[in-house]
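Colleague: Take the sequences, apply the hints, and build the full model.
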Amino acid sequence: AQRVTQPEKLLSVFKGAPVELKCNYSYSGSPELFWYVQYSRQRLQLLLRHISRESIKGFTADLNKGETSFHLKKPFAQEEDSAMYYCALLVPMDSNYQLIWGAGTKLIIKP
Amino acid sequence: EPEVTQTPSHQVTQMGQEVILRCVPISNHLYFYWYRQILGQKVEFLVSFYNNEISEKSEIFDDQFSVERPDGSNFTLKIRSTKLEDSAMYFCASRAGQYNQPQHFGDGTRLSIL
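The listed protein sequences correspond, in order, to chains A and B.
Residue 95 in the numbering used here is what sits at position 95 of the first sequence, and the numbering runs on without skipping anything.
Residue 32 in the numbering used here is what sits at position 32 of the second sequence, and the numbering runs on without skipping anything.
Just so you know, the hints here were simulated from the structure itself, not pulled from any lab data.
Every value quoted in this text rests on a predicted model; they were computed, and no experiment measured them.
Check the hints yourself; a few may be wrong.
To be verified - No more than 25 Å apart at the CA atoms, straight line, and that leaves these computed lysine-lysine pairs for PhoX-like:
id: 1; chain 1: B; residue 1: K42; chain 2: A; residue 2: K106
id: 2; chain 1: B; residue 1: K42; chain 2: A; residue 2: K22
id: 3; chain 1: B; residue 1: K42; chain 2: A; residue 2: K65
id: 4; chain 1: B; residue 1: K42; chain 2: A; residue 2: K73
id: 5; chain 1: A; residue 1: K9; chain 2: A; residue 2: K110
To be verified - Where chain A lies over chain B, by a calculated footprint (3+ residues, C-beta under 8 Å):
id: 6; segment: 49–59
id: 7; segment: 102–109
Glycine included, every Cβ here is placed at the ideal spot set by N, Cα and C.
Modeller: Structure representation (structure tokens):
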């Protein structure tokens, strides 16, 4: 079964400290994964996707097929990074695709 | 930058009443989605829509739910007879034609059933 697991509901770190938001997936096919971010009172926004291998706002995420993980990392957290972060797996259906979502991790950056 | 827009931002409805949530997807997008997020829980897929018909739906999307694209720009979610457990944030999303293009989300509609 397809599943995305974000084991931490809440992660609190100090400004300037490294951040790692964990995401593990279960999927028999070739995974395509995304990180979405939701700042307070704002919409869900795409943060990054593994196929583009880019760094957005200092965040990176590497797909590790051996560990079935797609952890989100940032070396030095900033206060504006405080938000909800969702990991999502793109799954093909008959004629479309849908996103399977993790439960989300609330990241709080303490000053 | 074009955005997905949703109205209203907050809808309060009596249990048993019908409610229509409205979305205007990004104009050149072809695939449309509704998701639900009950307070404190994960985002859940409801339905996807392509070429004027439902392409996929989840178990949540039962006979009380329907979607429509009535005029080529709006994409609506109707709940025929609302229940208390329908209270949630409802997000609309759209994406362009290529399969791996990201979904763009609206701000959501908070539905409160009394």
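Colleague: Does each hint hold? Answer for all of them.
Modeller: Evaluated hints:
1. Simply put, K42/B and K106/A have alpha-carbon atoms about 12 Å apart, close enough for the 25 Å limit, and the pair holds.
2. Distance restraint check for K42/B and K22/A: the Cα-Cα separation of roughly 16 Å lies within the 25 Å cut-off, and the hinted pair is therefore satisfied.
3. Only pairs whose Cα atoms come within 25 Å are accepted, and K42/B paired with K65/A is accepted, the gap being roughly 24 Å.
4. Restraint check for K42/B and K73/A: the C-alpha separation of about 21 Å stays at or below 25 Å, so the hint holds.
5. Between the alpha carbons of K9/A and K110/A the distance comes to roughly 17 Å, so the proposed pair stays at or under 25 Å and holds.
6. Coverage of a stretch by a chain is defined here by at least three residues with a beta carbon nearer than 8 Å to that chain's beta carbons; for the segment 49–59 of chain B and chain A the count is 3, and the condition holds.
7. Here's how the segment 102–109 of chain B fares: 7 of its residues keep a CB closer than 8 Å to some CB of chain A, so the rule of at least three is met and the hint holds.
Comparing the model with each numbered hint stated earlier shows that all of them hold.
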